[in-house]
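Chain H: place on chain D using the hints.
For reference, the chains in residue letters:
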Amino acid sequence: AQKITQTQPGMFVQEKEAVTLDCTYDTSDPSYGLFWYKQPSSGEMIFLIYQGSYDQQNATEGRYSLNFQKARKSANLVISASQLGDSAMYFCAMRAHNSGNTPLVFGKGTRLSVIA
Amino acid sequence: DAGVTQSPTHLIKTRGQQVTLRCSPKSGHDTVSWYQQALGQGPQFIFQYYEEEERQRGNFPDRFSGHQFPNYSSELNVNALLLGDSALYLCASSLVGGGADTGELFFGEGSRLTVL
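Residue numbers (the numbering used here), protein chains in the order written: chain D, 1 to 116; chain H, 1 to 116.
Chain D with its partners taken away, still in its complex shape (with noise of 0.2 Å):
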């Protein structure tokens, strides 16, 4: 089974400076792929950067990218550069097998507070 885990309920930022919000996983399956989600208060889940199991090169995706760690087992998704607008949850979450229709497993989701 796969398990996510996201150790950091909220977190603040000061504008326009960089954030680190944690995740590490748990999975037996040596193909997975590795997801971030961002949840404004509206409730869509906007996807944000993707990272697959046998990717050499950590993903970037224009301010996001994601520090992947596969001994440690952890995907840190950084954000550079904080704006307002980005105060929202944030989910990490991962699918075995890495098909696209695996289903994915969230963890709990760090509640992230840009401040002015």
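Just so you know, the hints here were simulated from the structure itself, not pulled from any lab data.
Hints are supplied without guarantee of correctness; some may be wrong.
Unchecked claim - Now the in silico label distances, taken between C-beta atoms and shown as ranges: (1) H:Ser65 to D:Gln57: 41 to 49 Å; (2) H:Asn77 to D:Ala1: 26 to 34 Å; (3) H:His10 to D:Lys108: 21 to 29 Å.
Remember, predicted model here, so these are calculated numbers, not experimental data.
We put the CB at the ideal spot given by N, CA and C, even for glycine.
Okay, now just chain H, sitting in the frame of chain D:
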């Protein structure tokens, strides 16, 4: 290009009643998955529909059932509602056989169910 749409956005029911939630997938997607997100938790996978059949199911009782129509839209039905069924119900659409890279899983804004 319309994304995933869900209805209703909010609803209130009493214990023992039945509820039906609806989802229209993103244009071009043929697979619909449903997730339950309790307050303060990450989403949990309920089940997935493809070609009008339930293909995968999470750890949810038979009170939770679904349907997919020929136009790929889907319904989630919950019978004999319990207080613990209060949650945000998220629908996600994808394309079967889609590649391992994400972006092919899109979420709606959810239906918030309150059971009194």
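Verification of the supplied hints:
1. Between Ser65 (chain H) and Gln57 (chain D) the CB atoms are about 43 Å apart, so this pair conforms to the stated range of 41 to 49 Å.
2. Distance hint check: the CB atoms of Asn77 (chain H) and Ala1 (chain D) are about 27 Å apart, consistent with the given range 26 to 34 Å.
3. Between His10 (chain H) and Lys108 (chain D) the C-beta distance comes to about 23 Å, which sits within the given range of 21 to 29 Å.
When each numbered hint is compared with the structure, no violation occurs for any of them.
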